Amino acid sequence: MQAIVKKLFSLILTVLVISFLTFIIFSIIPGNAALAKLGVDASPEQIAAMEEKLQLNDPVIIRYGRWLFGALRGDFGESLQYSGVTVGELLGSRLPVTMVLAGISFLLIVLLSVPVALFCVKFRDRLPDRILTVLGQVMMAVPAFFLGILITYIFGLLLRAFRPGAYEGLSLRYLFFPALSIAIPKIAMTVRFLKSSVRGELSQDYVRTARAHGASEDQVLKNHVLRNALIPVITFLALVIGEILAGSIVAEQVFSVPGLGRLLITSISARDYPVVQAIVMYITTVVVSLDFLVDLLYRLVDPRLRRGG
Amino acid sequence: MKKSWTFARIREFLRLNPKILIGLILVSFFAVMSLIGQFWTPYIVTRMDASSVSEAPSLLHWMGTDNFGRDVLSRVMNGSGITILVALITVLIGGIIGTMIGALTGYFGGIVDEIIMRLNDILLSFPSVLLALLLISFLGPGTINVVLALGILFIPSFARMVRSEVIRYRDRDFVRNARLQGIRPLRIILIHILPNARISILTAAAIGFNNAVLAEASMSYLGLGVQPPTPSLGRMLFEAQSFLLNCPWYAIFPGITIILMILGAALLSEGFKEVSGA
Numbered sequence: 001m002q003a004i005v006k007k008l009f010s011l012i013l014t015v016l017v018i019s020f021l022t023f024i025i026f027s028i029i030p031g032n033a034a035l036a037k038l039g040v041d042a043s044p045e046q047i048a049a050m051e052e053k054l055q056l057n058d059p060v061i062i063r064y065g066r067w068l069f070g071a072l073r074g075d076f077g078e079s080l081q082y083s084g085v086t087v088g089e090l091l092g093s094r095l096p097v098t099m100v101l102a103g104i105s106f107l108l109i110v111l112l113s114v115p116v117a118l119f120c121v122k123f124r125d126r127l128p129d130r131i132l133t134v135l136g137q138v139m140m141a142v143p144a145f146f147l148g149i150l151i152t153y154i155f156g157l158l159l160r161a162f163r164p165g166a167y168e169g170l171s172l173r174y175l176f177f178p179a180l181s182i183a184i185p186k187i188a189m190t191v192r193f194l195k196s197s198v199r200g201e202l203s204q205d206y207v208r209t210a211r212a213h214g215a216s217e218d219q220v221l222k223n224h225v226l227r228n229a230l231i232p233v234i235t236f237l238a239l240v241i242g243e244i245l246a247g248s249i250v251a252e253q254v255f256s257v258p259g260l261g262r263l264l265i266t267s268i269s270a271r272d273y274p275v276v277q278a279i280v281m282y283i284t285t286v287v288v289s290l291d292f293l294v295d296l297l298y299r300l301v302d303p304r305l306r307r308g309g
Numbered sequence: 001m002k003k004s005w006t007f008a009r010i011r012e013f014l015r016l017n018p019k020i021l022i023g024l025i026l027v028s029f030f031a032v033m034s035l036i037g038q039f040w041t042p043y044i045v046t047r048m049d050a051s052s053v054s055e056a057p058s059l060l061h062w063m064g065t066d067n068f069g070r071d072v073l074s075r076v077m078n079g080s081g082i083t084i085l086v087a088l089i090t091v092l093i094g095g096i097i098g099t100m101i102g103a104l105t106g107y108f109g110g111i112v113d114e115i116i117m118r119l120n121d122i123l124l125s126f127p128s129v130l131l132a133l134l135l136i137s138f139l140g141p142g143t144i145n146v147v148l149a150l151g152i153l154f155i156p157s158f159a160r161m162v163r164s165e166v167i168r169y170r171d172r173d174f175v176r177n178a179r180l181q182g183i184r185p186l187r188i189i190l191i192h193i194l195p196n197a198r199i200s201i202l203t204a205a206a207i208g209f210n211n212a213v214l215a216e217a218s219m220s221y222l223g224l225g226v227q228p229p230t231p232s233l234g235r236m237l238f239e240a241q242s243f244l245l246n247c248p249w250y251a252i253f254p255g256i257t258i259i260l261m262i263l264g265a266a267l268l269s270e271g272f273k274e275v276s277g278a
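Top line first, the protein sequences correspond to chains A and B.
Here the working numbering is used: position 169 in the first sequence is 169, and no number is missing along the way.
Here the working numbering is used: position 46 in the second sequence is 46, and no number is missing along the way.
Simulated from the structure, these hints should not be mistaken for laboratory data.
Mixed in with the good hints, there may be bad ones.
Stated by the list, open to error - Chain A regions said to be covered by chain B (calculated; three or more residues, Cβ under 8 Å):
| id | region |
| --- | --- |
| 1 | 10 to 24 |
| 2 | 236 to 245 |
Unchecked claim - With the C-beta cut set under 10 Å, the calculated list includes, among others, these residues of chain A facing chain B:
| id | residue |
| --- | --- |
| 3 | 116 |
| 4 | 140 |
| 5 | 142 |
| 6 | 144 |
| 7 | 149 |
| 8 | 164 |
| 9 | 253 |
| 10 | 254 |
| 11 | 267 |
| 12 | 268 |
| 13 | 276 |
| 14 | 280 |
| 15 | 283 |
Given the structure is predicted, the values throughout are model-derived calculations rather than measurements.
Built from N, CA and C at the ideal position, the CB exists for glycine as well.
All chains, full assembly: derive it from the sequences and hints.
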């Protein structure tokens, strides 16, 4: 219990430190919010007036405090590139798309990796395993955006399974293809990780015992080995979720899906820092909370850790 | 274990590990190709030719031509040079600074070590593309900024790896001996400890090279890295996407080039790891 509280404390600290660092850095770089809002043609007086209005002349610490209190109440300020739109509204409209996209990718990864890994272990060091290993090796070397382009070409232009660039609504059918491009390299990584985990378990004593009791190879794999082998995979999958979020930044760009990632890219180009800051905070929180959840899950799955505290 | 690196040993090394052999072939092929591409290409890299727009691969244009009639092979040869250069410099920056930080914190330990490693853990748990994007949003787009951003990004992973190696050797007898002889810490780290970590550093460098190639290509694809008209593999893929139906080869060849480069470095790093018995 004490360990959990400690972990929770360090979680909050991490989020705070990162929010402070990004805030400081954004306030150091040249070109402030007033300039971004008014454009380069604005006169010095206009800029001064806008700076006054946005309270940009206050010390950084005070501005950070103001931002933090706003953020805690869910108020991240106003976007600079779309005037009159709050960052909250902007994020709210883009978030569901990215969530669905990430969800489909995650499902694809989990649903495909386990059977493929088990298949490889069953045929270990024989032809099917060798072929899949080489294929996995190649897949890990494919940049996500190139995979996206290939999928666009094959499924979009040749097979006409979807119309590239014509995304509307929350279309699952359309989102399946960007999700596939995010998932494929991750599947290769997960299969490889799972395979080595299963192989490690196969040399354990309990496997020999199960075999001695007359369990078939399939039974040993499914009933005994898989459960134990999945434990380290939990951590791995948490890392993968972070990678999916990063992958969706690129995939949304390739498939022109209006999600969080695309918003991040356009906001970086437009120097719309309130939006960038909010997205950074969002992703930080997700990554750090996942780390925390994994820790909890570990304690649930592995009783040895609970006693050790 | 302490044999010197003679040719016979290198030959034996390669025969033992096919991954290193294939990796070396791939990496040196692209290194030579991109080096030639800086001085000579079959066609002028930026020259447009209205009479040969979007041509399929042929004997004249091995990889076809793009929507402006530019020769794709020439652009790939020239553009991969920038990709490799960016990757090498970032690995150098990250490797040198990371090794220094890791060696010093690992050797001396203490509160500084604790703080830096906590910071490292936080940084490492973030997806690297996201961090690169953030750094570039601070620094602004452009080739040099991408190099800086990626270089900074690679510091933590090198630091952590070197730190664990230094800690492994810190209390060995030969290091204690050196310390008792009054040799200064810096010399102990550089001459007595780090040479033992060379295989690990080499492996990390190969992995870093990979990530750098991927990251550079992604940044250029997103329009934040190498700026046109300089050809870069990522940028070419971005341009090719609009003309996918008419000239798919403009996307396919740069893409395959990236894949093979990364595959080569990945095989090298895995081979190193296997040889070192880790």
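To test your reading of the hints: which numbers does this structure violate? 3
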